[in-house]
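Order-wise, the sequence lines are chains A and B. Counted the way our numbering counts, the first sequence spans residues 3 to 351. Counted the way our numbering counts, the second sequence spans residues 27 to 352.
It should be emphasised that the hints constitute simulated quantities derived from the structure, not laboratory data. Treat the hints with caution; some may be incorrect.
Said to hold, decoys possible - In silico DSS-like links for lysine-lysine, alpha-carbon gap of 30 Å or less: (1) Lys65(B) - Lys29(B); (2) Lys320(B) - Lys49(A); (3) Lys65(B) - Lys49(A).
Treat the numbers as computed from the prediction; the structure is a model and nothing was measured.
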Amino acid sequence: MSAKQKQAAGITHDGVFYPLEDLNAMHDSMLYIRRFEEKAGQLYGLKKIGGFCHLCNGQEAVCVGLHHAADEKDYILTSYRDHGHVLARGSDPTAVMAELLGRAGGIVKGKGGSMHMFDVERNFVGGNGIVGEQVPVGLGLGFSSWYKDDGRVTIAIMGDGGINQGAVYESFNMAALWKLPIVFMVENNQYAMGTSLDRASAETHLFKRGISFKIPGMQIDGMDVLEFDKKMGEAIAHARSGEGPILVEAITYRYRGHSMSDPATYRSRAEVDEWRSGRDPIARLEAQMIEAGLATEEEFKQRDKDIKKDVTAVARAAEAQPEPDASELWTDVYTDPIEGAYPYPVKVG
Amino acid sequence: MSKITYREALNQAMCEEMERDDRVFLMGEEVAEYNGAYKVSQGMLDKFGPKRVIDTPITELGFAGLGVGAAMAGLRPIIEFMTWNFAILALDQIVNAAAKMKYMSGGQYSVPMVFRGAGGSAARVGAQHSQSLENWMANVPGLKVVMPSNPADAKGLLKAAIRDNDTVIFIENEINYGDVGEVPDEEYIIPLGKADVKRTGSDVTLVAHSRMTGFALEAAEELARQGIDAEVIDPRTIRPLDENTILASVAKTNRAVVIEEGWRFAGIGAEISARIMERGFDDLDAPVARVTGKDVPMPYAANLEAMALPSVAEIVEAARVVCGRA
Ligand SMILES: Cc1ncc(C[n+]2csc(CCOP(=O)(O)OP(=O)(O)O)c2C)c(N)n1
Ligand SMILES: [Mg+2]
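Work the whole structure out from these sequences, hints included.
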């Protein structure tokens with residue numbers, strides 16, 4: 003196929019036409035996230051990244067599909083498993099990597115680390131470390147859109163474990179009561195740390211959790227980026243229409259342990275392989291594109307090489323940055339610094 | 027004596043008490059099949075079965091309240107918070123239910139239970155996962171607050187906490203879980219409300235709890251090299267506070283430094299130094315000094331995190347100041 007033909011070409015999925023340009027962008031974004039996470043894992047192994055580090059390998063289609071479907075002005079907030087989302091949102095990968103490394107040029111100046119990515123310019127509201135905490139905060143962002151009538155939608159993301167927190171249901175009720183423009187999205191990756199879905203949830207069809215609040219629910223295959231983008235687009239349109247919130251359950255899987263210290267012995271190799279080789283979102287899109295004659299295996303191999311090179315360069319640039327200046331310890335505690343904060347050292351006598 | 031880790035000591039305390047009293051059960055996130063996020067409950071599911079070692083959903087407020095109700099009905103719950111950061115979600119049940127039930131019911135109901143888990147700063151986990159909340163807990167009448175600094179204390183104090191007829195807040199230290207120490211082979215209990223003199227000295231009293239006890243002992247070694255003989259006291263129980271042991275030491279040394287990992291404002295050091303001022307004023311040759319965590323949320327970057335935490339050097343410096351040697 004000539005370059006010109008390819009341009010006019012694309013894939014139609016469930017009635018939606020995805021031009022080649024979009025397909026390439028989605029593919030590369032997913033692959034970039036995968037390679038970025040692998041690099042983060044390596045740097046953690048080398049003790050250059052510390053603390054908790056939660057990778058999202060396997061969940062890339064959810065990140066990329068969501069951010070493709072959402073508007074730039076929409077608010078997005080998630081848990082500590084945030085690298086993929088912040089990258090999909092278009093934030094600077096060097097700043098994200100520098101954050102992981104605790105450097106001055108980190109996306110939050112090195113103050114937050116892996117769990118606390120924020121990007122105010124892209125309406126990316128964290129990076130929140132306490133399970134479920136971001137859901138009521140998302141309620142408030144949604145409320146502000148109702149109050150200001152600014153046409154934004156808030157996408158509040160939680161895990162299959164997080165959806166059991168009581169504050170989630172308080173949020174569901176208020177969001178439905180006041181018809182706030184919110185998409186509550188559960189990333190059901192089947193496990194909350196070592197606890198499988200069925201050991202923690204009486205109702206395992208998580209999209210039904212909004213029923214008693216009259217919140218409609220959708221379950222979407224989160225291993226298929228086109229399907230996820232399309233359905234997520236519908237969910238966001240529903241929230242934007244003024245009809246009130248909607249609950250989306252993304253069916254997905256995390257390939258790695260919960261965090262770097264988790265050997266994940268609570269599940270079988272075969273189970274992981276089944277998702278990895280049977281449903282991998284990147285392999286799936288590549289197969290679809292090859293079948294449509296839009297790309298070849300060789301081209302994908304080359305792009306993978308290029309992306310790996312990019313990620314390595316990003317890591318190198320981030321590592322070359324200095325640590326934050328010591329004075330940063332004391333900044334950002336208050337907007338207007340207060341009287342009576344303790345300086346240090348405190349003089350005695 | 028056997029050498030075991032802090033985490034094994036806690037495990038032994040729970041196992042011994044569960045063998046002794048079938049009203050005792052352990053509940054929390056990942057305590058059973060995963061053997062505990064920090065492996066404190068290793069092997070307990072196998073030993074006691076799923077009725078007494080119970081995994082919960084991530085619903086801190088709910089299962090904290092479950093513990094309160096079960097305790098009121100005569101059981102002896104041990105409710106584990108994966109870390110105390112997450113107990114913040116359960117504060118209503120801890121502060122408004124557990125702590126006050128006895129008083130509000132005119133003595134009709136008591137809440138004999140333990141809330142336990144890892145507290146204090148962990149390493150490089152940022153603002154929401156690194157903080158010391160013992161002063162919040164110790165502020166509440168009706169609660170007892172225990173913070174062991176080594177394996178032997180951890181075991182003896184946890185056994186006492188489980189047998190206690192009131193609600194005990196038992197705050198372990200995440201960084202100390204792997205520490206090894208000598209623990210008696212025979213059964214023993216360490217009563218709540220008794221401080222321990224970890225090192226005797228005559229020039230200055232260092233009061234420190236939890237992980238800071240180790241820092242104070244290190245500082246005492248350095249001070250000894252500099253010709254200052256420090257006494258180190260670990261209160262072990264923050265509430266009730268054994269002020270007599272602290273005051274007796276200050277009566278001898280006439281100088282004190284109080285060390286804590288948490289924030290300075292209304293912290294444990296504020297309480298202890300106020301008590302020394304109130305009851306030991308005439309013994310003091312210098313104002314009491316405090317060494318604390320800096321007055322900021324915990325940063326992630328390695329250099330900033332190191333600055334935010336109290337250090338051995340800061341303790342040495344404060345001791346020199348109160349001894350007039352700075
Ligand atoms: C309130 C609270 N309790 C416990 C934890 C510890 N913790 C961190 S992640 C996690 C599991 C969350 O699982 P899930 O919501 O399914 O999200 P996933 O990690 O799978 O993305 C737990 C228990 C926490 N951070 N906050
Ligand atoms: Mg999960």
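Results of checking the hints against the structure:
1. Between the alpha carbons of Lys65(B) and Lys29(B) the distance comes to roughly 18 Å, so the proposed pair stays at or under 30 Å and holds.
2. Simply put, Lys320(B) and Lys49(A) have alpha-carbon atoms about 25 Å apart, close enough for the 30 Å limit, and the pair holds.
3. About 22 Å separates the Cα atoms of Lys65(B) and Lys49(A), which keeps this hinted pair within 30 Å; it holds.
Checked against the numbered hints given earlier, this structure breaks none of them.
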